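Trainee: Just so you know, the sequences run in chain order A and B. Per the working numbering, the very first residue in the first sequence carries number 1; after that it's consecutive. Per the working numbering, the very first residue in the second sequence carries number 1; after that it's consecutive.
What the hints contain is simulated information worked out from the structure, not anything from laboratory work. Quick caveat, the model's predicted, so the values are computed rather than measured. Be aware that a few hints might be false.
Stated by the list, open to error - These stretches of chain B come out as covered by chain A in the derived footprint (C-beta under 8 angstroms, 3 or more residues):
hint	segment
1	38-44
2	60-69
3	237-245
4	359-373
C-beta: ideal position from N, C-alpha, C; glycine also.
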Amino acid sequence: MTEIFGIPTVALFGQLLIGLINGSFYALLSLGLAVIFGLLNIINFTHGAQYMLGAFCAYLLLNKLGLGYWWALLIAPIVVGITGVIIERTMLKPLYKLDHLYGLLLTFGLALIIQGIFRNEYGSSGMPYPVPAELAGGKNLGFMFLPVYRGWVIVASLIVCLGTWYVIERTKLGSYLRAATENPQLVQAFGINVPRMITLTYGFGVALAAFAGVMAGPIYQVSPQMGADLIIVVFAVVVIGGMGSIMGSIVTGFGLGVIEGLTKVFYPEASNTVIFIIMAIVLLIKPAGLFGTQK
Amino acid sequence: MAVLRKMTAAVALALVAGGAQAQISGNVIKIGVMNDMSGLYADIGGPGSVIAARMAVEDFGAAKKGMKVEVLAADHQNKPDVGSTLARQWYDVDGVDVIVDVPTSSVALAVSQVTRDKGKAMLNTGAASSDLTGKACSPNTIHWLYDTWMLANGTGNAVVKTGGDSWFFLTSDYAFGHALERDTAEVVKKAGGKVLGAVRHPLNTQDFSSFLLQAQASKAKVIGLANAGGDTINSIKQAAEFGIVQGGQSLAGLLVFLTDVHGLGLKTAQGLVLTESWYWDLNDSSRAWAKRFAAQHGGKYPSMDHAGVYSAVLHYLKAVEAGKTDDGTKVVAKMKSMPTDDPLFGKGTIREDGRKLHPVYLFEVKKPSESKGPYDYYKVRATIPAEQAFRPLKDGGCPLVK
């Protein structure tokens with residue numbers, strides 16, 4: 001059997017695939033953050049809590065209304081997206097003129113409040129959420145046993161990520177959005193309702209987080225802390241990719257998932273720090289991030 | 001004459017009472033509940049431990065006996081530095097006399113040291129490392145509820161006896177995980193089994209698939225989970241997803257709490273064998289206490305840690321009353337010299353190394369069809385008597401034991 005650093009290559013394939021799966025979550029979440037930061041200049045620290053809200057929404061839909069996974073995948077992003085719109089309208093709007101720091105503090109505080117409320121209600125161990133029957137079981141790929149659901153996570157997140165990138169970078173709507181971040185007054189002069197566009201963009205970014213939350217439900221526990229644990233890593237992903245860069249966040253999301261996965265094989269003790277080490281190195285060499293442009 | 005005798009008696013009583021009062025620092029006994037209030041261990045102890053401590057104060061009848069007792073709470077966030085800073089602040093500034101609970105072995109070891117330096121008392125119910133009564137034992141610390149040796153001895157032995165003779169460990173990478181892996185590996189080897197390997201994962205990991213694949217590749221018959229709380233929940237859940245159990249390997253959850261089983265759901269957790277010191281459905285008095293607890297805790301049933309906090313605080317207050325002092329070193333000595341007796345653990349004793357002795361239970365998690373509803377999760381497979389449940393005094397290497 002061929003080996004790389006004492007690890008059989010087949011085992012390594014398995015680990016690469018697992019890295020990609022985890023990378024899918026990083027990509028989905030960092031994408032939402034990048035969209036919000038790129039277009040609103042808000043560092044959305046509530047993102048982790050909104051991811052958690054998505055998962056809880058799915059849990060409640062199943063246990064209170066009997067609506068399964070597929071409905072949750074549709075309804076949860078809409079519901080959580082609407083709460084995002086309300087937050088943007090009532091709280092974030094007055095902060096656009098101020099320093100980034102104010103938005104960061106507000107969204108961070110909001111996240112703590114939301115997580116606290118859910119922890120009080122549901123405890124910290126979380127709730128189980130079953131894998132949908134259509135995606136249960138797994139396939140033996142020869143080098144590893146791949147649960148079907150995990151395969152679905154990669155596919156779905158790739159579709160959503162690339163779709164978002166396409167809309168923002170290649171369509172007319174996307175060009176309005178990008179123009180509005182460069183010069184809102186000018187775009188408004190062309191008769192486009194910029195404030196509404198910004199509100200909807202925030203709603204969309206939040207909906208992406210909720211979508212990732214629903215996807216995560218069957219794999220992890222649906223727990224109040226699930227987002228808080230992830231958000232720090234995701235911020236590192238965004239910083240490495242370049243703040244606000246859409247493609248940057250997708251590519252780095254998947255890439256760092258793989259690197260983290262490999263660390264879990266070669267030096268598992270460092271698997272929760274490796275991303276931050278990379279972040280420090282990238283910031284030293286390329287302060288704007290791998291795909292970012294210096295303004 | 002009678003009047004004079006009464007008066008003398010009254011004066012004498014006042015003097016005794018005054019004397020007793022003078023021994024209680026600040027005239028109030030302050031109990032600090034320190035644990036993880038918001039993270040992955042928060043359901044095991046958390047705010048529930050504060051409720052349990054308050055219940056103990058109430059049941060002891062502190063108010064009727066004229067003793068002033070206050071219960072404080074703080075979150076150590078599973079960080080040793082936060083824990084020891086909090087402990088210093090509590091002892092030096094806030095006049096706390098005793099710290100209880102303190103899960104997370106690394107934090108517990110740090111707080112135990114601070115407690116010893118300050119001459120206060122720690123009643124540890126939350127942490128597992130058997131080092132607390134081994135090389136790191138202290139005249140100011142009592143390890144009340146369970147430890148890694150007891151878990152290894154209970155679950156490890158049971159698993160090896162049913163044919164699980166080759167092991168691979170998923171170990172939480174800090175003092176607790178290391179101690180649990182060490183103690184279990186010893187049990188496995190002693191019983192003729194072998195350990196094929198281990199992987200150390202960071203505390204509070206979300207995704208275990210990578211570690212589980214390594215465990216799968218080891219071909220060990222048993223994957224020992226030397227972790228706790230949210231980490232154990234995610235390991236078990238994801239092991240099911242990756243078909244580990246269908247593939248013929250079995251999981252041994254070395255430290256599983258009732259709250260973890262609740263979080264997992266019986267469908268995933270059924271059949272798990274685990275060791276605990278207490279379960280709410282053991283007898284009438286434990287059931288009655290659990291109902292009272294749940295009523296104050298939003299319907300959530302107590303973990304063994306909550307029961308441990310209750311029983312430890314109760315015994316502490318009895319010792320303060322009997323010794324008429326809240327001096328940490330003296331109270332702990334008094335606690336050791338008095339036999340323990342409470343509605344949850346029954347009669348027991350505390351050894352000179354600080355180990356509290358009581359029977360422990362080997363439980364099996366029920367099938368969904370066997371359970372009558374939420375929290376009806378365990379059936380007793382075996383009861384291990386107190387003298388066999390814990391590490392023999394001479395094997396611990398505690399310097400206090402001559």
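Trainee: Of the hints stated earlier, which fail here?
Mentor: The structure conflicts with hints 2 and 4, although it agrees with all the remaining ones.
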